[in-house]
Amino acid sequence: GESVGLHLPTLSVQEGDNSIINCAYSNSASDYFIWYKQESGKGPQFIIDIRSNMDKRQGQRVTVLLNKTVKHLSLQIAATQPGDSAVYFCAENTNSGYALNFGKGTSLLVTP
Amino acid sequence: ETGVTQTPRHLVMGMTNKKSLKCEQHLGHNAMYWYKQSAKKPLELMFVYSLEERVENNSVPSRFSPECPNSSHLFLHLHTLQPEDSALYLCASSQVRSQDGGYTFGSGTRLTVV
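Just so you know, the sequences run in chain order G and Z.
Sequence positions in the first sequence follow our numbering and run 1 to 112.
Sequence positions in the second sequence follow our numbering and run 1 to 114.
Quick caveat, the hints were computed from the structure, so don't treat them as lab data.
This structure is a prediction, so every number in the text was calculated from the model and none was measured.
Heads up, some of the hints might be wrong.
[To be verified] Below, simulated DSS-like cross-link-like pairs (lysine-lysine); rule was C-alpha separation at most 25 Å, straight line:
#1 G:Lys42 x G:Lys104
#2 G:Lys71 x Z:Lys41
#3 G:Lys104 x Z:Lys41
#4 G:Lys42 x Z:Lys41
#5 G:Lys56 x G:Lys68
#6 Z:Lys41 x Z:Lys22
#7 G:Lys104 x G:Lys68
#8 G:Lys71 x G:Lys104
#9 G:Lys56 x G:Lys104
#10 Z:Lys22 x G:Lys42
#11 G:Lys71 x G:Lys56
#12 G:Lys42 x Z:Lys19
[Unchecked claim] Okay, the calculated bits of chain Z under chain G, using three or more residues with CB under 8 Å as the criterion:
#13 41-54
#14 103-109
Even glycine gets a Cβ: it sits at the ideal position worked out from N, Cα and C.
So here's chain G without its partners, still in its complex pose (with noise of 0.2 Å):
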């Protein structure tokens, strides 16, 4: 079946440096996406979102970027802190679905 998928399932960075995580996906139906972050012991928590119309948007210290044209979506997190060690998760979905479906999630860790 179509799936949602992450190329890397862990991410180390030093604090202050640049992260950037990547998501595949394969429904060429999906119109809607979301990355999501879930710290130890949480439930994940929304981060930003874009629709399909749009090939960037950007929030406080992140941007996401979305390449239709190989189904690539990226979070991009400026000077990286130590809070934002968690999983990310990208999620999708269409406008006649009813959730997101979700990808496996990259851990990123924060060195100091």
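Assemble chain Z onto chain G, guided by the hints.
Frame of chain G, contents of chain Z only:
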């Protein structure tokens, strides 16, 4: 506090027990979801309730039985579970077919089946 509250936070049950997980949302959403999160696997959608009607059941074994008595409450009734059912069970809510980032998750119930 995210607006979606799940109880209990932790649950240990034997394979012959019957227990229920509870989810409550205070966000005025009209869709609620159960997801299962196992180690090293994507979140797995189990059930979707939209306007209090079940609209998706992703081939979940009958030992899991959902209930949605109203738009604010969602239950997952458990009976005769297996050890492989041990996982984090997450509840979420949203507006139906929301595309406005409106999927809000609870903190989950960590279930251990012994």
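Each hint, compared with the structure:
The hinted pair formed by Lys42 (chain G) and Lys104 (chain G) meets the criterion: a straight-line CA distance of about 16 Å does not exceed 25 Å. Taken as a hint, the Lys71 (chain G) and Lys41 (chain Z) pair is honoured in the structure, with Cα atoms around 21 Å apart against an allowance of 25 Å. Our distance criterion of 25 Å between C-alpha atoms is met by Lys104 (chain G) and Lys41 (chain Z), whose separation comes to about 5 Å. Taking the CA atoms of Lys42 (chain G) and Lys41 (chain Z), the gap is about 17 Å. The hint holds against a cut of 25 Å.
At most 25 Å may separate the alpha-carbon atoms for a hinted pair to count; Lys56 (chain G) and Lys68 (chain G) meet this at roughly 11 Å. Using a Cα cut-off of 25 Å, the hinted pair Lys41 (chain Z) and Lys22 (chain Z) holds, with the two alpha carbons roughly 23 Å apart. This hinted pair checks out: Lys104 (chain G) and Lys68 (chain G) have alpha carbons roughly 20 Å apart, not beyond 25 Å. Between the alpha carbons of Lys71 (chain G) and Lys104 (chain G) the distance comes to roughly 16 Å, so the proposed pair stays at or under 25 Å and holds.
Between the alpha carbons of Lys56 (chain G) and Lys104 (chain G) the distance comes to roughly 23 Å, so the proposed pair stays at or under 25 Å and holds. A distance of roughly 16 Å separates the Cα atoms of Lys22 (chain Z) and Lys42 (chain G); the hinted pair therefore holds under the 25 Å criterion. As the CA atoms of Lys71 (chain G) and Lys56 (chain G) are separated by approximately 14 Å, the hinted pair is consistent with the 25 Å bound. Of the pairs offered as hints, the one joining Lys42 (chain G) and Lys19 (chain Z) holds, with about 22 Å between alpha carbons and a cut-off of 25 Å not exceeded.
Counting residues of the region 41-54 of chain Z whose CB falls under 8 Å from any CB of chain G gives 6; the rule of at least 3 is met. For the region 103-109 of chain Z, the proposed coverage by chain G is satisfied: 6 residues have a C-beta within less than 8 Å of a C-beta in that chain, meeting the threshold of three.
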